[in-house]
Amino acid sequence: MSRTPLDTVEHAAATPDVELPWAELGLKKDEYERVVEILGRRPTGAELAMYSVMWSEHCSYKSSKVHLRQFGEKAPQSDALLVGIGENAGVVDVGQGYAVTFKVESHNHPSYVEPYQGAATGVGGIVRDIIAMGARPVAVVDPLRFGAADHPDTKRVLPGVVAGIGGYGNCLGLPNIGGEVVFDACYQGNPLVNAGAIGVMRHEDIHLAKASGAGNKVILYGARTGGDGIGGASILASETFDDAKPSKRPAVQVGDPFQEKLLIECTLEAFAEKLVVGIQDLGAAGLSCATSELASNGSGGMRVTLDDVPLRDSTLSPEEILMSESQERMCAVVEPDKVERFLEICDKWDVIATVIGEVTDGDRLEIFWHGGKIVDVDPRTVAHDGPVYERPYARPDWQDALQADDAGKLPRPATSEELKDQVLKLVASPNQASKKWITSQYDHFVQGNTVLAQPEDSGMIRVDEESGLGVAIATDGNGRYAKLDPYTGAQLALAEAYRNVATTGAKPLAVSDCLNFGSPEDPAVMWQFAEAVRGLADGCLQLGTPVTGGNVSLYNQTGEAAIHPTPVVAVLGVIDDVARRTPVAFQEEGQLIYLLGDTREEFGGSAWSQVVHDHLGGLPPRVDLERERLLAEILISASRDGMIDSAHDLSDGGLVQAVVESALLGGKGARLIVPDGLDAFTFLFSESAGRAIVAVPRSEEVRFNDMCGARGLPATRIGVVDGDTVEIQGEFTLTLDELREAHESTIPSLLA
Amino acid sequence: MTARIGVVTFPGSLDDRDTQRAIRIAGAEPVALWHKDKDLKQVDAVVLCGGFSYGDYLRAGAIARFSPVMEPLIDQAKAGLPVLGICNGFQILTEAHLLPGAMLGNDHLHFICRDQKLRVENAETAWTTDYSAGQEIHIPLKNMDGRYVADDYTLDQLEAEGRVAFRYVARDGVADEHYNPNGSLRDIAGITNEAGNVVGLMPHPEHAVESLIGTGRTDGLPFFTSILKKLVTA
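Residue numbers (full-length UniProt numbering), protein chains in the order written: chain A, 1 to 752; chain B, 1 to 234.
Chain A on its own, in the form it takes in the complex:
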């Protein structure tokens, strides 16, 4: 795109008829016309580069914005929220002067193209969001979804993604404490690689992405800028893959976790010395995003000299420098008398840091190259006033037929022997099998504060060594439920993550989400999206857990086939003393197993219907968020008062899956009795929501029962922790060895 003479603002004004490649850069005709209207002239090449990346779906949320507003409009009253939607990540008050920031983002498309680097830079990006808030990152989580477990391409994508997450996160020194791994043919050409991170800071350390104070310096620090990821944001995230187009491999960024580790340490040291006025990480849309967002969120304008940007490739044009998505870069706004100290700290950590500009008292973002002004824009028009689409949406015509195809009518096991076989088949199925082969490639222990990590219901990190204050996080999503009913599916994801936090003993506080959907240009997909957002916003309002931020990933689609609508929900919780946490594993023989909640005949979207019948139809389980809240309160109280020694939420796979996991993790079996009013099949496989199992020491049984009775939560004694088998009385017995073999051998045999 380099032109001679330099395409300056003056040049653009003087040459209104020059044709620019706006379509190649992903802009629609009307969008380009809007840019011309805003500027009152044609844009320069550099301005066009900035608008095109910042107005891409990925950066501008142009298709989703009108729906996402509900998260603000329906936000519950919460004293915990310190920073809400719109910043790099939300910040939540967890008490004792501590604040926690957390967020989940997607890196779906890059991870399909180049699994290792796509996933690695996904971790890198979310971690920089956390640092940019002023926090030390303390943990990561990774909800992942792949095509069918036995599909040959899964063997290409999954090991690369897992190695990329491990290779990057392990090298940063961040324990990986949670996440999910789900297989479904619908993700064949569109794996979902979502990455979440948590950071901890003191309240007074919160930093924001804004450039204020005329004369303050803008410092770019971290890696040099290269040609990687150019156009990544606008091209990779906004189109579906099309075999006819040339390879987009070079558009995927390459990560350097070592550089990022240095960036973390040097940024935190600068924060500690109060050297930073405003800060922004460079992710999608690189410098275009960082400069326009910093300038538009602050009080003044900004002047940047692009010649001062340290380059890895000296042939880059100014447009490319503005669009580059080279990783491991940050932009800080620093008062002039603190610049020297800031640069000293960067030097200590061998991090390259350069003053590239300053905050002005105007309201324009001006960028210079070789002495000429190549950008002169109102930064708000770039960062915040992108197009907003009211995309048409309509309930798909197949939805009724799908819901009418009731999973409850599927043939059920006729004999005890068949029931037993189906249990073994379920716990060995790829989605229900142990993911140890994957999670053992992630460091769980680094930083020495990990209280719980996967396969626990939620990951838990100690925040304060003295008081034992801790935070928990769980991420959940179920595309099968959401396909059957996106509104309910989104609420089920919320309910499950909420429940998972509570089963470990932590109080759910706030939500982040990663909304993975197909093409917004398909009214059916847009309806799924609208319904899911509405469901999630309503659910968060009812549970009192505000959405603090998140990410939307659209165009997860191969040809006409979209993925299942897959809202992934992360819930953050707090626990006063991590010593009171409740693990999944059965702890002691003789303890009584209680089932909390109501079990109904609910099999729509269930693991059983998938594993045994390869079926998806009917309605997902009903949601009762008041019941979820009551269940959570009981689980938290019981944990705090020492009434339960283990707890496990019931979700996909139902009760039998949960019991088997608790038994295998604890190395202790269980003897169960089918309660009155239920048949063995429904008891074992139903996926009714709002349920958990707990193990109660005999000495606590009366107290526990009294509490559940007084609060109106159904609690049914269903058995006892005992022996080295899982026995369903009158039905079948499976040894722990048989179950372990079934549960743990599937993933290694498919992938190792």
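Errors might be hidden in some of the hints.
[Said to hold, decoys possible] To be clear about the criterion: a stretch of chain B counts as covered by chain A if any three or more of its residues have a C-beta under 8 Å from a C-beta of chain A, and this derived list gives those stretches:
id, stretch
1, 11-23
2, 45-54
3, 112-124
These aren't lab readings, by the way, just hints derived from the structure by calculation. All values derive from a computational prediction rather than experimental measurement. Glycine included, each C-beta is placed from N, C-alpha and C at the ideal position.
Use these hints to put chain B onto chain A, whose structure you have.
Relative to the frame of chain A, chain B by itself:
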């Protein structure tokens, strides 16, 4: 007066804070050392902690070995200063030729993180006197390049001189062909130098010092109490 134990931070070190915490829990005083330091601040012992110094670029530990702090450290280690190298620290010690052998990539080519069972083979080094020989312990392991190798002569010599300090062993009652997590020759998890003051091992004792955290075991604490006793009674 308690013992002062230095913990070196290289660019890319990860477990420096954790190691300082473990030293504190054992009752000693941790002292932060920076890789550009040209002296050791008169500490009584040094721990080279885990991580990815210099991103493990070139070869794990190969660049860190040339950091300024290593000069006095190598000299003093040869003169008897107790030094413990954990994971990346062990790799640095072999690169610095304070311990023999080298580390290659795990034989299965994946990073591995798990609770690992070990047998204490030498309970007489500066860092292992609070164990007993033959004792079996569980210590978290997490590495990419943990496969200990050396030529047969060196291995025979290590065995003959009792310098294999820790060996990977199978869990009780579990027939596990993968009990050796990385393909280390002769199941070697850790070794010592001839004098017993320099010890390197791949698993992470600093992650096993608190009953609530990590695996919930405290089998790693004796590393730090051993050295404290030695230094305080010396």
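These are the hints, each one checked on the structure:
Interface restraint, the stretch 11-23 of chain B with chain A: holds (8 residues with C-beta to C-beta distance below 8 Å; minimum three). Check result for the stretch 45-54 of chain B against chain A: holds, 4 residues qualifying (beta carbon to beta carbon below 8 Å, three or more required). For a cut-off of 8 Å, the count of residues in the stretch 112-124 of chain B with a CB near a CB of chain A stands at 3, and the three-residue condition holds.
Consistency with the previously given hints is maintained throughout, with no hint failing.
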